[in-house]
Amino acid sequence: MSVPTAVSAERHAAGFFEALAPGGRRVLFGLAAVAICLLFAFPVFWLVLTSLRPGFAVYYVHRGTDFTLDNFHDVLAQEIVLKALFNSFMIATLATLLSLAVTATSGYMLSRFKGPIPNTWFSLIYVFRCVPYVSWVLPLYFVTRQLGIFDTYWGLLLPHVAVHICFFSWIMKGFFDGIDPSMEYAAMIDGCSRWGAFWRVAMPAAIPGLTALAILCWLYTWNEFLFALILTSHETPIITVVMAQFVHELGMEWHLMSATAVVALGPALIVTLFGQKYVIRGLKV
Amino acid sequence: MAEVVLDEVQKSYGRVTAVQDFSLSIGDREFVVLVGPSGCGKSTTLRMIAGLEDIGAGTISIGGRVVNELQPKDRDIAMVFQNYALYQHMSVRDNLAFGLRNRRVPEPQIDAAIAQAARILSIEPLLDRRPRQLSGGQQQRVALGRCIVRNPQVFLFDEPLSNLDAQLRAQMRLELKELRQRVPTTSVFVTHDQVEAMTLGDRIVVMKDGLVQQVGTPLALYRRPANRFVAGFIGSPAMNFMDGRLTMEDDRLIMTGDGFSLSLPPTILGDAAPTGQHALCMGIRPQHLRLGGPSGPGQLGLGGTLMVTEQLGDEQIVAIRVGDKDVRIAGVDPDLRLAPGTGLEVSAGVENLHFFDADTGERLRATT
Chain A
1 MSVPTAVSAE RHAAGFFEAL APGGRRVLFG LAAVAICLLF AFPVFWLVLT
51 SLRPGFAVYY VHRGTDFTLD NFHDVLAQEI VLKALFNSFM IATLATLLSL
101 AVTATSGYML SRFKGPIPNT WFSLIYVFRC VPYVSWVLPL YFVTRQLGIF
151 DTYWGLLLPH VAVHICFFSW IMKGFFDGID PSMEYAAMID GCSRWGAFWR
201 VAMPAAIPGL TALAILCWLY TWNEFLFALI LTSHETPIIT VVMAQFVHEL
251 GMEWHLMSAT AVVALGPALI VTLFGQKYVI RGLKV
Chain B
1 MAEVVLDEVQ KSYGRVTAVQ DFSLSIGDRE FVVLVGPSGC GKSTTLRMIA
51 GLEDIGAGTI SIGGRVVNEL QPKDRDIAMV FQNYALYQHM SVRDNLAFGL
101 RNRRVPEPQI DAAIAQAARI LSIEPLLDRR PRQLSGGQQQ RVALGRCIVR
151 NPQVFLFDEP LSNLDAQLRA QMRLELKELR QRVPTTSVFV THDQVEAMTL
201 GDRIVVMKDG LVQQVGTPLA LYRRPANRFV AGFIGSPAMN FMDGRLTMED
251 DRLIMTGDGF SLSLPPTILG DAAPTGQHAL CMGIRPQHLR LGGPSGPGQL
301 GLGGTLMVTE QLGDEQIVAI RVGDKDVRIA GVDPDLRLAP GTGLEVSAGV
351 ENLHFFDADT GERLRATT
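Residue numbers (the working numbering), protein chains in the order written: chain A, 1 to 285; chain B, 1 to 368.
Mixed in with the good hints, there may be bad ones.
Simulated pairs of lysine to aspartate or glutamate, DMTMM-like, Cα-Cα distance not exceeding 20 Å [to be verified]:
1) B:325 x B:258
2) B:208 x B:8
3) B:325 x B:243
4) A:114 x B:54
5) A:114 x B:21
6) A:83 x A:151
Please keep in mind that the hints were generated in silico from the structure rather than gathered at the bench.
One chain only, chain B, in its complex shape:
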């Protein structure tokens, strides 16, 4: 068990910067998820921790030891790959034993470790099969087994669930959580799927274009996204954004945009309220909007025309057009029959509004 510390880590390929000034301290037994769209540098960061990529600048240490110059085999880590990366010419048992044999662990000890890992992952009947005789889920379990037999200081996961179908992915997510409880080890998990990030991570690192956008617990990221990118990336369906300008009228802040005008409490942005010509962007999560007009003083109303509804069985997601933007409302009663083209009023509590600078995308107000 160990801490992993990345200090000002950088990586460039020619003129392209893949990772820039990445600093993060991962606590012992902490499960950190790196999430972001493809090409954001998350896999490169993971591969630098693993030693599969050279570190451009900065230092990475595992368990208090700087590992910049160490070979992958000397870093005491284990890694699960997207396409399982099982040794096709070996049986499952030999796949599990490979790393231990390389470290000259005595055979009885290897057998015991394999038996234990196989029991934890329920792969005992598969031990004598070849990887290609296994299903995707079984192969992924073997890949996990290969990690846990070694009892390394750190687990690294490189999008391990993305080759599985949706149902199996949900099941493997649960199994991973269970595995964490049984084998608590410092882990770094890379994914582009925000649901995986939210459900698995103790902390999440959101990345974009090689830069860390925000680091925090799943709830902190959901409730207080640091910028518009994080706000749009975390949460499903994605947050609604509406652009507009603020003006001060009779002690009220008025936000005006295409197709709407909202009267906001003057203190909503504290001293940061950029009135006048300054453009800003308001964000509301679909879950925080509900059908119907404002029911109290802390509520805001928006009017629009119903465009489409998406039936999910336990809820409907409704999209209304406000100006030139579609605004989605989640959690609508699935039995409610709504005809496209109907005029609809929706409302939200002011405490659920997020404001971002229209130019920089930075958050303007800390919402509780």
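Chain A extracted, bound-state conformation:
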């Protein structure tokens, strides 16, 4: 007996959506979209709210309506925050440039060439991809110490680039798979070397994909916490780590942490807003 009931309930549900006028359906989808947006936007709203409250009022948001910009003033007056913002920006930008340079050539090789070298490279990337990200951290700490690059740009850049190569070479291969190789053959006949054909024909055709990847890469590095926490110290402060340092033995300075987070959100927001259409276009390829 239960089966027909289930079937009829399903029919009833399907009938409910079908019975709605197209306008009604649109309203329903609209409401669902708004609900989802609110769900994701609420923490950000709360973050901004906290960043604008005086320290003593953070826990009592329902009391009083004091709002202040002092938190931002305090945070931006700290040298370490400014230094961390600069470092994070530099690391994210340099890691993006380096990663793109390597992943573009690596993805191109995986897409276009067959033989022992691409096969070995493919297997290597695959193996490293299978290793959990967290388990890289401790060995990397010792390696950077040994190489004398701990707490320097290189000490953070190289691990980031290594991770990006493993994850983004595959995406890059997909972009190049979508580009007709006869365009490069035509270029080679038209007077280009193999490298010239890659650089002058395949790369421009991959620009939507490259832009998407650059944005993802930049945001990923900007937001990254674990590597920054383990592989840097006082010499090269990174914004995500500095943010976390407002939780200390004397208590938690939520207002300052929130203000720093809002400041750190700015560049990420700009990059996202600027790049979202490229990301969507690039990932559609």
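Could you slot chain B onto chain A? The hints should help.
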């Protein structure tokens, strides 16, 4: 302008042989078509001439210069690809100029070359557009333009018409012929379409499984196919084949097969007539069969049952069943009403018969 000579060229991928012992001399300004089913090695051969594939063994020379070790850019060739291969991020004008700029040709000369090519191909209004704004036919014309601006020694065409619809393909075929007259250049054209091969080529190279089956003019291939494969591949509708055995009876050769028995002149196969148990295959083109019994001594008759008719407007193609084989007859009056199941007699002149060895498929008699 140059000759292209391929000498014992081979190519293998692992254990698979793609091209075997390919030897061919293409004359200056000659238009040669490589034709065959997919996987026959025709595109691989073309790509070896272009330098896009390494040559396994043998030599290829262009204009008297061995090009085995030369980069594609140094071979002075131009190539048109199946999917046009236009540079999507450049305008049509830049697509045409790309090869010339790479060769550091002065800009005024480039402009003149582009203007001339655009005029020949009627693409002047398209010069400032991007390739993706063009139709398939227009893109193919731009791809042709990219070749002719360079004025290379050799044109290579890799199935350039197969992405176009039937009507456009026929039109582009004509345009290609016209282009040949205006810009006569040594050309190698690869296609799987025998109509393109017949209409465009000065000579045709038929390939199968990496081996050259026959090289000749379109008419020679049509009239004297070297083997059963070429006979079946060239010509539309395809040649009818009937298997049987020959016996000698009272000074006549009798060919007997499933559902037919034909009396042939004793000299038809010369000394090559393999009588007895030797199986052979007889081929007749649908165009050489006509409805009705034999009208003279040089005619042979076949009887069968009408299976289907295909109306083409200017003619009908009729298929009759003889034994277990369908035999097609082309050029039947389109107004003739024929009911399936009717018994029909058809005839052909003995001079139009082709004979092939049933085992090797080799031709047994040279028909004029």
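> Which of the listed hints are not met by the structure?
Replying inline: 5
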